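Chemist: Protein sequence lines, in the order shown, are assigned to chains A and B.
First residue of the first sequence? That's 375 in my numbering, and the numbers climb one at a time after it.
First residue of the second sequence? That's 90 in my numbering, and the numbers climb one at a time after it.
None of these hints come from the bench; they were simulated from the model.
The reader is advised that the hints may include incorrect statements.
[Claimed, not checked] Below, computed lysine to aspartate or glutamate pairings styled on EDC-like, alpha-carbon distance capped at 16 Å:
| hint | chain 1 | residue 1 | chain 2 | residue 2 |
| --- | --- | --- | --- | --- |
| 1 | B | Lys299 | B | Asp319 |
| 2 | B | Lys347 | A | Glu446 |
| 3 | A | Lys389 | B | Asp319 |
| 4 | B | Lys197 | A | Asp382 |
| 5 | B | Lys346 | A | Asp382 |
Here the structure is a predicted model, which means the values were calculated and not measured.
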Amino acid sequence: MSSPLALDVADLSKKYGDRMALSHANFEVPMGSICGFVGPNGSGKTTTIRMLLGLITPTTGGGHVLGESITEPEKYLPRVGAMIEGPAFYPALSGFQNLNVLARIGGFKTESIAGLLDLVGLGDRGDSKYKTYSLGMKQRLGIAAALLPNPKLLVLDEPTNGLDPAGIHEIRTLLRKLADSGTTVFVSSHLLSEIEVISDHLVMLRLGKVIFSGKTSDLLAKQQPVIVAKPENTSDLTKLVQIATAAGHEAVVIENTVHVTGTSDFSAKLNKAAFEAGITLESLTPVKASLEETFFEMTGE
Amino acid sequence: MWNVFRAELTKLRRPSLSVSTLLAVTFVTSLITSVLFLLVDSPEGNGERGVRIGRDVLSLPTGISLSFTNTAGLLGVVALCVFAAQTAQEYTYGTLRNLLVRQPSRMKILLGKLGAMKLFAIVMVTFSAIVGIALSYLFAGVKDISTQAWSTSDAKTAVWHSFINVLIATIGYGIFGMILGLLFRSPISAISIGVIWNLIFEGLLSAFVKNIDRYFPGQLLSTVATGGTDRISYQYALFTSYAFLLVGLAIVAFLFKKRDVAN
């Protein structure tokens with residue numbers, strides 16, 4: 375039996391004039407997962423998020439959020455927390471007052487505000503005006519605002535923008551904790567290394583089209599792993615390429631190493647063949663394709 | 090809607106807006122009252138467009154609220170600016186998307202905001218009335234104008250009528266500002282176009298084209314504030330000005346409901 379879905383879209387499109395911002399998108403996000411939403415600038419990520427949140431009307435198609443149709447956002451938005459296209463607040467109000475405004479509008483308890491400010495590391499700056507915040511602090515306030523409804527689904531657009539490495543680590547830990555407690559996290563980011571670390575599901579866009587939707591591990595498994603061999607003597611590079619090619623593997627020289635396409639099983643065979651040919655290897659490392667490499671390969675960027 | 094109303098009050102209460110608005114109200118009320126009383130004997134006149142309002146008129150029961158009534162036009166400009174800025178800044182700050190995620194019913198957002206801004210207008214007009222009446226007593230003493238009739242029941246009725254009329258006019262100007270704010274989605278554009286329309290376009294045309302002020306919402310709201318004139322009745326001014334405003338509000342509300350929030 376398939377797991378229940380937090381999000382599903384079918385044939386979702388948005389056209390602005392002659393330009394197709396999103397074209398017939400289909401994807402699903404299982405409940406309780408962390409789903410990375412990636413794509414180059416202008417690929418339609420924010421347009422999709424806006425349609426899911428009822429801010430813009432789809433040209434065609436539809437979808438469901440937490441089991442409710444996206445044509446009726448009032449039915450699911452009270453259970454959704456969102457930060458879209460970066461934080462946006464009233465500059466003359468403090469962080470606390472800004473959250474207070476949103477809590478009142480949503481009918482949420484204002485007692486939780488202090489705790490949320492502490493959670494995102496703004497406990498001691500809650501009374502400062504928003505306009506005095508650094509980019510990282512604004513981002514943290516945006517995340518606190520998204521958490522106001524104690525959401526079942528958290529939609530975050532580039533949540534780690536402007537955060538320092540410690541801040542990025544904190545947010546990563548927080549998202550994992552939320553997912554473990556049953557919250558579905560749908561997060562767009564251009565930091566693919568971050569997405570690779572935290573997401574167990576992935577939706578990839580290019581030029582308004584979904585080019586991958588599924589488990590992150592499935593995507594990475596599709597990519598050919600590479601073995602990087604470094605001979606002690608650089609004059610052996612060509613000979614090493616010939617050995618690998620003769621065994622039926624693609625091999626290229628990159629700087630002082632040979633990159634051989636193949637699984638880690640071939641490492642031992644390559645090592646043995648190199649030894650028999652009188653080549654001493656300084657290092658032999660099987661490398662799995664990263665999400666970034668996979669992404670660039672798939673998007674052709 | 091009630092939640093939006095309460096949230097909007099949090100924004101309106103911020104000192105940078107509330108204190109500066111009350112200072113502006115104090116300034117315009119003081120200006121109009123001082124001109125009305127301190128220039129009572131001036132041959133250039135002491136009323137709008139050089140009209141002379143004599144000691145005999147100021148001594149009447151209506152004299153107590155005359156300065157406050159004359160302030161309506163400028164109070165309207167203040168309300169127009171506040172309503173326009175509060176509406177349009179949701180677009181420029183990008184906060185509208187936050188509001189709509191928390192309250193997807195756009196009509197509730199609009200009505201809640203309008204309700205809170207009306208309350209803000211009530212505070213503004215009340216403050217102006219208090220300042221205007223207090224200064225009227227002060228300046229009447231300085232210029233030796235009789236205030237005997239100001240404590241009669243007729244005077245109380247006049248104050249009450251003036252308050253209601255000025256309030257209706259001020260809220261009308263505010264709604265005009267809100268319409269412009271929703272239409273132009275930029276505080277600077279909305280305020281500048283609103284002020285230019287009211288003070289320059291309507292004002293100039295009304296001065297040179299006979300009876301054209303019967304069709305201008307700003308001029309009609311001024312007429313409402315004064316309780317009607319010889320040429321334009323109170324009922325006509327009230328009905329026509331608010332008909333204009335309600336049609337305008339319905340159009341921008343429709344646009345607000347249907348328009349994509351893409352910023």
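Chemist: Run every hint past the structure and note whether it holds.
Modeler: Checked hints:
Under the criterion of a C-alpha separation no larger than 16 Å, the hint pairing Lys299/B with Asp319/B is consistent with the structure, at around 14 Å. Distance restraint check for Lys347/B and Glu446/A: the Cα-Cα separation of roughly 14 Å lies within the 16 Å cut-off, and the hinted pair is therefore satisfied. Of the pairs offered as hints, the one joining Lys389/A and Asp319/B is violated, with about 56 Å between alpha carbons and a cut-off of 16 Å exceeded. A threshold of 16 Å between alpha carbons decides the hint, and for Lys197/B with Asp382/A the separation of about 28 Å lies outside it, so the pair is violated.
A distance of roughly 25 Å separates the Cα atoms of Lys346/B and Asp382/A; the hinted pair therefore is violated under the 16 Å criterion.
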